[in-house]
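Number of protein chains: 2
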Amino acid sequence: MTKGAIVSRDADFPRWYQEVVAGAEMADNGPVRGTMVIRPWGYGIWELLQAELDRRIKEAGAENAYFPLLIPESFLSLEAEHVEGFSPELAVVTHGGGKKLEEPLVVRPTSETVINSLFAKWIQSYRDLPLLINQWANVVRWELRPRLLLRSREFLWQEGHTAHASEAEARAYALQILRDVYHSTMVEAASLPVLTGHKTARERFAGATRTWTCEGMMGDGKALQMGTSHELGQNFAKAFGITYSNAEGTAEHVWQTSWGVSTRLIGAVVMGHGDDYGLRLPPALAPAEVVVLMIKEDEGVRTAAEALVADLGSQGHRVRLDDRVETSFGRRSVAWELKGVPVRVEIGPRDLAEGHVTVVTRHLREKRTVVLSAVGHEVTAILERVGPELYAEAEAMREGRTADVGTLEEAIEAANSGFARIPMRALGAEGEDRLATQALSIRCLQRPDGSLAEPEDAEADLTAVVGRSY
Amino acid sequence: MTKGAIVSRDADFPRWYQEVVAGAEMADNGPVRGTMVIRPWGYGIWELLQAELDRRIKEAGAENAYFPLLIPESFLSLEAEHVEGFSPELAVVTHGGGKKLEEPLVVRPTSETVINSLFAKWIQSYRDLPLLINQWANVVRWELRPRLLLRSREFLWQEGHTAHASEAEARAYALQILRDVYHSTMVEAASLPVLTGHKTARERFAGATRTWTCEGMMGDGKALQMGTSHELGQNFAKAFGITYSNAEGTAEHVWQTSWGVSTRLIGAVVMGHGDDYGLRLPPALAPAEVVVLMIKEDEGVRTAAEALVADLGSQGHRVRLDDRVETSFGRRSVAWELKGVPVRVEIGPRDLAEGHVTVVTRHLREKRTVVLSAVGHEVTAILERVGPELYAEAEAMREGRTADVGTLEEAIEAANSGFARIPMRALGAEGEDRLATQALSIRCLQRPDGSLAEPEDAEADLTAVVGRSY
Numbered sequence: 139m140t141k142g143a144i145v146s147r148d149a150d151f152p153r154w155y156q157e158v159v160a161g162a163e164m165a166d167n168g169p170v171r172g173t174m175v176i177r178p179w180g181y182g183i184w185e186l187l188q189a190e191l192d193r194r195i196k197e198a199g200a201e202n203a204y205f206p207l208l209i210p211e212s213f214l215s216l217e218a219e220h221v222e223g224f225s226p227e228l229a230v231v232t233h234g235g236g237k238k239l240e241e242p243l244v245v246r247p248t249s250e251t252v253i254n255s256l257f258a259k260w261i262q263s264y265r266d267l268p269l270l271i272n273q274w275a276n277v278v279r280w281e282l283r284p285r286l287l288l289r290s291r292e293f294l295w296q297e298g299h300t301a302h303a304s305e306a307e308a309r310a311y312a313l314q315i316l317r318d319v320y321h322s323t324m325v326e327a328a329s330l331p332v333l334t335g336h337k338t339a340r341e342r343f344a345g346a347t348r349t350w351t352c353e354g355m356m357g358d359g360k361a362l363q364m365g366t367s368h369e370l371g372q373n374f375a376k377a378f379g380i381t382y383s384n385a386e387g388t389a390e391h392v393w394q395t396s397w398g399v400s401t402r403l404i405g406a407v408v409m410g411h412g413d414d415y416g417l418r419l420p421p422a423l424a425p426a427e428v429v430v431l432m433i434k435e436d437e438g439v440r441t442a443a444e445a446l447v448a449d450l451g452s453q454g455h456r457v458r459l460d461d462r463v464e465t466s467f468g469r470r471s472v473a474w475e476l477k478g479v480p481v482r483v484e485i486g487p488r489d490l491a492e493g494h495v496t497v498v499t500r501h502l503r504e505k506r507t508v509v510l511s512a513v514g515h516e517v518t519a520i521l522e523r524v525g526p527e528l529y530a531e532a533e534a535m536r537e538g539r540t541a542d543v544g545t546l547e548e549a550i551e552a553a554n555s556g557f558a559r560i561p562m563r564a565l566g567a568e569g570e571d572r573l574a575t576q577a578l579s580i581r582c583l584q585r586p587d588g589s590l591a592e593p594e595d596a597e598a599d600l601t602a603v604v605g606r607s608y
Numbered sequence: 139m140t141k142g143a144i145v146s147r148d149a150d151f152p153r154w155y156q157e158v159v160a161g162a163e164m165a166d167n168g169p170v171r172g173t174m175v176i177r178p179w180g181y182g183i184w185e186l187l188q189a190e191l192d193r194r195i196k197e198a199g200a201e202n203a204y205f206p207l208l209i210p211e212s213f214l215s216l217e218a219e220h221v222e223g224f225s226p227e228l229a230v231v232t233h234g235g236g237k238k239l240e241e242p243l244v245v246r247p248t249s250e251t252v253i254n255s256l257f258a259k260w261i262q263s264y265r266d267l268p269l270l271i272n273q274w275a276n277v278v279r280w281e282l283r284p285r286l287l288l289r290s291r292e293f294l295w296q297e298g299h300t301a302h303a304s305e306a307e308a309r310a311y312a313l314q315i316l317r318d319v320y321h322s323t324m325v326e327a328a329s330l331p332v333l334t335g336h337k338t339a340r341e342r343f344a345g346a347t348r349t350w351t352c353e354g355m356m357g358d359g360k361a362l363q364m365g366t367s368h369e370l371g372q373n374f375a376k377a378f379g380i381t382y383s384n385a386e387g388t389a390e391h392v393w394q395t396s397w398g399v400s401t402r403l404i405g406a407v408v409m410g411h412g413d414d415y416g417l418r419l420p421p422a423l424a425p426a427e428v429v430v431l432m433i434k435e436d437e438g439v440r441t442a443a444e445a446l447v448a449d450l451g452s453q454g455h456r457v458r459l460d461d462r463v464e465t466s467f468g469r470r471s472v473a474w475e476l477k478g479v480p481v482r483v484e485i486g487p488r489d490l491a492e493g494h495v496t497v498v499t500r501h502l503r504e505k506r507t508v509v510l511s512a513v514g515h516e517v518t519a520i521l522e523r524v525g526p527e528l529y530a531e532a533e534a535m536r537e538g539r540t541a542d543v544g545t546l547e548e549a550i551e552a553a554n555s556g557f558a559r560i561p562m563r564a565l566g567a568e569g570e571d572r573l574a575t576q577a578l579s580i581r582c583l584q585r586p587d588g589s590l591a592e593p594e595d596a597e598a599d600l601t602a603v604v605g606r607s608y
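From first to last, the protein sequence lines stand for chains A and B.
Here the numbering used here runs 138 ahead of the position in the first sequence, where the first position is 1.
Here the numbering used here runs 138 ahead of the position in the second sequence, where the first position is 1.
Among the clues, some could well be false.
For chains that are exact copies, the list does not tell them apart, and a pair is met inside one copy or across any two.
[As the list claims (entries may be wrong)] Cut-off 25 Å, straight-line C-alpha distance, at most; resulting in silico cross-link-like pairs (SDA-like, lysine to any residue):
#, residue 1, residue 2
1, Lys196, Gly161
2, Lys238, Ala591
3, Lys196, Gly454
4, Lys196, Trp274
5, Lys196, Ala275
6, Lys505, Arg309
7, Lys238, Glu211
8, Lys505, Gly387
Rather than coming from a laboratory, the hints here were simulated on the basis of the structure.
The shape of chain A in the complex, shown without the other chains (with noise of 0.2 Å):
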């Protein structure tokens, strides 16, 4: 049932996500249970998502800061629906430089708390309003069954933190990150479908009164949440006491948002765009986009492959040599093929002798023969095309795998290979309580045209997309 190295993905899907980790080098178990250790490979991915990511954070109006790791338990429990939500995924700090701590520290699962309590210093005036602030930090939560990239004790995330004059503003913002940051980002760096909306008060953020969501489905159909942007309403502000003198000198709580995505971004990559033999990834997000490797010594391949690697490198890409010939041709081919690289450029004696080279498009796994004068014109172009045909191709599986259903039954079945979506009217609380008999949840919900919900909608009114989720 194995393909080059891997496990095939209708096989055992599971498995193979474990063999792409592991094989292509991005990630790797801590010693302790849980933990994760990201290898070069996969942190380079995230580098290049942090880019993208912070780029257009920045472009939204905040600012990085960093807060600290470590919190007074007693701060949990000043919002009753965070702690309830959090409580039983904490990690505890009880002694420090050799001493039993007074009061337990908690190691942050999220920094609202933290955060929160130094708006409610450093906010005094409206003209201290809109407070945008963003941290790139690791969180720890004690999850009980983990997986490396999807969902770890410790995993890496940025995590915004806003506060505003008013609700509408509030909620103008959040929905501003949904889309200018985490869905354009989801789209036009991960190559990868993402559909919008909101969570039920079942699924929502713990201390949030709306959360809107990016849900991808995955190659196996199941639903990934991949990032979340919270109304918190005026919630943490009155546990904290975050207020703010308007105008007219009269005292007001602020209005605030969070929102986050994550390392399991890179997850999504794998599972979103992967195949039979392995990852496949979009030149955006590949810390190498082209390989060239040297099938063996020899002086005039050495010239050539440098002059390429030179060559593409001043086009702009991310470009590597392989020169490791002490290893099989074979074997290094089948490493690149498993790590991603959209583009490999393969050059051996023989072929160079006519003046060829061998150009293999990942994606679509298609070798061509190219003559070397024409090698970087040819890759630009096929580069041009991966992020675009990756998209195409999850977006038309997620659509195959998409049923439009009017009762319970027929979206439990449909949730099973793929999304359901359902009328909420059809559906109603009773029927989300059964779905969650069965491991299935409501992922979002949108109106009926796939948009986001406005204000004035009712629930009764919306559509429910149906999924069993990572």
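Once you've looked at the hints, dock chain B against the given chain A.
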């Protein structure tokens, strides 16, 4: 004794430091004693430092990765000196997911142990060497006398960890990092002169065979250790069983290095360049190199200010517009001075009517009236001067406060207000003990001409730089 908003450096340097860090909105205290919040102005400096360091680290061939925060307590004990050095400073997680853990977990104070446990798995053959890894991360050390940005219970840093086939190669790499990454960033980006040398056995990193260091002199004459690069010999390789088979197939232990710089560098910039009016930033580390201030709201002023911001931005400068005219001009001007923005351009209706604006050079506190059409050229010219002039000033200060001495007594006297340089032959191990009773220490050892020691140098032939350190 205060000029503007803050106390003068001469009156009370520690208070001056606190007031600059708070007043420039660089950092704040976290709710847990000794923890720190890095605010956007401080974090903006850190982002620029990170970019400078990261580019050089990658040029040195290291790749970024990420390793777990939580380390089994037993790992720390595997290297004897390492555990002795770090155990008084550890924060310990004893509970996770609501249960007491079977083995307590240490929050990483540094990552030699966890990273080397993975190196042991990844390294098999000489083909896997050198392995050059860097991570950007937070670490926790339970400091007893915390101080914002200089010594906090959590800080951000990068830590590099490498494995090599020979001692000579490891040594060369540790020195390459010291010179091409650390010294280069400190001099070229931070405009801070630093001495390089190695530590005595007493001051060495716990577990290292040799620690190389960059030492700066702060505005009060005290020394700040700004970055270290360690040769680890085979200490961790033996503790964690990191072996490779050489070309003949024989198993050998690897030779290793580790190296780090932290957010302490932000504190170094404050104390190395600040004056009685606040921070003075070298342009390479200024989140805003230029701020254009509208003195008051006025159509012509706004048009001119916005055009100037666009023009300076298109020349590649980081520029901000300050149009917060509801706040008095004087107050805003003092605030930007405190934040250390290298150039301020002040635009008011009266000057503008004559086609003029005021350009203020922060590090010299020099105001000049400039014709509007010449502002772009003038600002560029000033920005080119700032870095070299700050460097020259800091270097002259250090040279003026450094004395060459011949006896321990002279060294103690000189080190009370700066650095003393003394032959190790005249100091010896006993002299080093006596310095410690005065809270003084050997900051680094150098050859008498200031260059780095070579393996063949006897310690007695070297010169000790003695100072009082942060």
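One pair to classify: Lys505 and Gly387, alpha carbons no more than 25 Å apart. Within, between, both, or neither?
Neither way: Lys505 and Gly387 sit 71 Å apart in one copy and 37 Å across, limit 25 Å.
Between the shortest in-copy and the shortest cross-copy C-alpha distance, which are at most 25 Å for Lys196 and Trp274: within, between, both, or neither?
both (13 Å within a copy, 21 Å between copies)
Evaluate Lys196 and Gly454 at a C-alpha cut-off of 25 Å and name the case that applies: within, between, both or neither.
Cα proximity of Lys196 and Gly454: in one copy and across copies (24 Å, 17 Å).
Lys505 and Arg309: within-copy, between-copy, both or neither at 25 Å Cα:
neither (50 Å within a copy, 45 Å between copies)
Regarding Lys238 and Glu211, is the shortest C-alpha distance of 25 Å or less found within a copy, between copies, in both, or in neither?
both (14 Å within a copy, 16 Å between copies)
Reference check for the pair Lys196 and Gly161, CA-CA at most 25 Å: within, between, both, or neither?
between (35 Å within a copy, 24 Å between copies)
Given identical chains, is Lys196 near Ala275, meaning Cα to Cα at most 25 Å, within a copy, between copies, both, or neither?
both (17 Å within a copy, 22 Å between copies)
Intra- versus inter-copy proximity for Ala591 and Lys238 (alpha-carbon distance at most 25 Å)
For Lys238 and Ala591, neither the intra-copy (50 Å) nor the inter-copy (44 Å) Cα distance is at most 25 Å.
Consistency with the previously given hints fails for numbers 2, 6 and 8, ordered from lowest to highest.
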